[in-house]
Structure formats: C-alpha cells, structure tokens
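Asks: Fit chain B to the given chain A structure using the hints.
Below are the chains, spelled out letter by letter.
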Amino acid sequence: NAGVMQNPRHLVRRRGQEARLRCSPMKGHSHVYWYRQLPEEGLKFMVYLQKENIIDESGMPKERFSAEFPKEGPSILRIQQVVRGDSAAYFCASSPSGSEAFFGQGTRLTVV
Amino acid sequence: AQTVTQSQPEMSVQEAETVTLSCTYDTSESDYYLFWYKQPPSRQMILVIRQEAYKQQNATENRFSVNFQKAAKSFSLKISDSQLGDAAMYFCAYRTPFGNEKLTFGTGTRLTIIP
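Keeping their order, the protein sequence lines are chains A and B.
Position one of the first sequence corresponds to residue 1 (the working numbering), numbered consecutively onward.
Position one of the second sequence corresponds to residue 113 (the working numbering), numbered consecutively onward.
For reference, chain A alone in the conformation it holds in the complex (with noise of 0.2 angstroms):
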C-alpha cells in the first residue's frame, strides 16, 4: 500500500502565475487534510475534504485559494495569482474515517 503521494516535490512559480499542488491518498482513505507550513512554523490547518465535498475550509484565505477532492483522481490545491508570501510547504494527510492521518513529503512552492 503506497504512501500518501504528493506531487510535485517542488514546484517554482512566478508572482502572477498558478500553483496547482496534487494529492493522492493512501488507497481506501477518504479523508483529506491541506497543511501550510511556513519557514520555521508549525503546520496549521488549511482544508478538509471527502470525497467531492469541502467539510472544513476555516483556514483556507479567502481569496486566490481553493481546493478540490473529485470522485475519481488526486485531491487538488489550486493557488492563483501567487505571491511571494504563498512560499511555503503545503503537506496534504489522509485518513480512513476515526484513525490517524499519514502524512505525504510535501510540495515546497517557492514564488519569485
């Protein structure tokens, strides 16, 4: 049974330009969580999603973010029009439902 995927492991992205960081869960898990870790910070709470459903977006900005967890494929955090303060790394976890969540390695956006 394959980890919590994460990809890309790294991904550089121009202000202005998207940033679209993939997640597959851990096969059978429907459960997910987006993180943001900034440097030198704890991760804090984004988004959490079943499957095609937002069941908790209270950490996710207001603007420019979203997130997606379609019936079929990887759960999508979508960033637009980024800007230098969106550098960080987005960690997604997933779970079966009552039980601890897995954590992938992360996709680190650096914005220049």
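Honestly, the hints are just simulated from the structure, not real lab data.
Note that the structure is predicted; figures quoted are calculated from it, not measured.
Just to be clear, a hint being listed does not mean it is correct.
Unchecked claim - Ranges between beta-carbon positions, derived for each pair:
hint, chain 1, residue 1, chain 2, residue 2, range
1, B, 226, A, 2, 33 to 43 angstroms
2, A, 44, B, 132, 24 to 34 angstroms
3, B, 179, A, 40, 18 to 28 angstroms
4, B, 113, A, 97, 35 to 45 angstroms
5, B, 158, A, 7, 45 to 55 angstroms
Glycine residues also receive a C-beta, built at the ideal position from the N, C-alpha and C atoms.
Replies: Frame of chain A; chain B shown alone:
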C-alpha cells in the same frame, strides 16, 4: 479554540542521554487525542507517539514515552538513549476524536544530538 504551545524552540542533548520536550495545550473538551510528530530534514512528518485523553496510562513506544498530565494540560515527550537519528523538529499536536479530525500543531522544538 484549541491551542498548543511548545515553549522550547531549541533543545540539545548528548548522544545516549535522555531529553524531555515540553508541550502544553488548551481545550474545553474532555476527550481528545495528543500526538508527537517528528520532522527530519527530509520534511516527512513521522508519527512518534499518540495518547488518548481518556487513558490514564502514559503511552510508550520503545525509547519514546510521554508524561500526560490531563489536569495540567501538559504532554511532554521523553526520549531515552538519544541517537543521532533523533535529530529533527518535534511537533506536538492535538485533535478531537470525533468528526473533523484536523490537527492543531505547536510551533515545534528543534532537537540537536551532540555526538
């Protein structure tokens, strides 16, 4: 809202010695889970140990053990016989056991092992 506080930004320990990392949290819930995660330079988040709040017995995993003080809302991690591979950032985290299982993390403690 729940908060998690790690008051030690950095700690160091001599190889083979014991070190304790501190964590306090604030919640109005009576049932919850607490975790310690390790993040080495590879950035991978690795679960070290987990504690259910309803269990009075402190969790242990080989060289790792916790001191869970529910009344004081304290959850420290003890690493015995420290090894070079233990060098990493350590994050304390909290979550409720029902429904939305999002984690609330502390700001982390960077642990250095001195050979």
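Asks: Can you name, in rising order, the numbers of the hints this structure does not satisfy?
Replies: 4 and 5
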